Amino acid sequence: MNFVEIEILEKKLKEITKLSLKQVKKIAFNLLNLSENEIFNLNQAISKARENIKKCKYCNSYTDKETCEICSDKKRSKKYLVVEKYDEVSKFEEIGIWNGRYFVLEGLLDTKTSQEIVNQNIINFVALAENVDEVVLALSSTLQGQLTMQQIKKLLLDKNKFKNVFTLSTGIPLAAEIEYIDPVTLKESLINKVKI
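The sequence shown begins at 88 in the numbering used here and counts up by one.
Do not take every clue at face value.
Said to hold, decoys possible - Derived CB-CB ranges, DEER-like:
#, residue 1, residue 2, range
1, Asn-206, Leu-106, 44 to 54 Å
2, Thr-154, Lys-246, 22 to 32 Å
3, Lys-162, Asn-124, 21 to 31 Å
4, Ser-159, Asp-220, 13 to 23 Å
5, Lys-248, Gln-131, 46 to 56 Å
6, Asp-220, Asn-124, 22 to 32 Å
7, Glu-180, Asn-120, 30 to 40 Å
8, Asn-186, Lys-98, 42 to 52 Å
9, Gln-131, Leu-244, 43 to 53 Å
10, Lys-112, Lys-162, 44 to 54 Å
Keep in mind that the hints were calculated from the coordinates and are not lab data. Note that the structure is predicted; figures quoted are calculated from it, not measured. Heads up, the beta-carbon is just placed ideally off N, CA and C, and yes, glycines get one too.
All chains, full assembly: derive it from the sequences and hints.
The following block contains the structure:
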């Protein structure tokens, strides 16, 4: 049974999320089963989150302040772990071995599409990384991830003469995305990082 309204809802959900078609369909049908009051409350929660949550002015991670807790923490080392997505920060925080700061790129470079946000964030990061001790590029081992890592490394070297750049060690499968790596593998790959 295909209804135009459900197809439109699924299309809109697919546009704003990186979910599979099966997940999008599940969300769409769950939304249809909500009462008017539950829909209103969900809409209110989304509106409140959009109103009160913003990006940290330093690292692009989400926060309810101008500067996130991690960037505000003076005890953190002068090291940066660069990740693609916001949720990867919490994944690395959960394993508990990184005491540096983070930078969220909000995507990866892609040869097929325009990546203005990612390009601007790379430029912002390179400017931010002038006085750091170490940079770890914790990006997916996809072609886009490799392309992005090489671009960041090149800019750090060209603009900052910075050579202390690492990537996560092997053990992460080729074309794997960080968000799907189990905590033990992620921890080991960070401990055994490789200079690039």
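In rising order, the numbers of the hints this structure does not comply with: 1, 3 and 6
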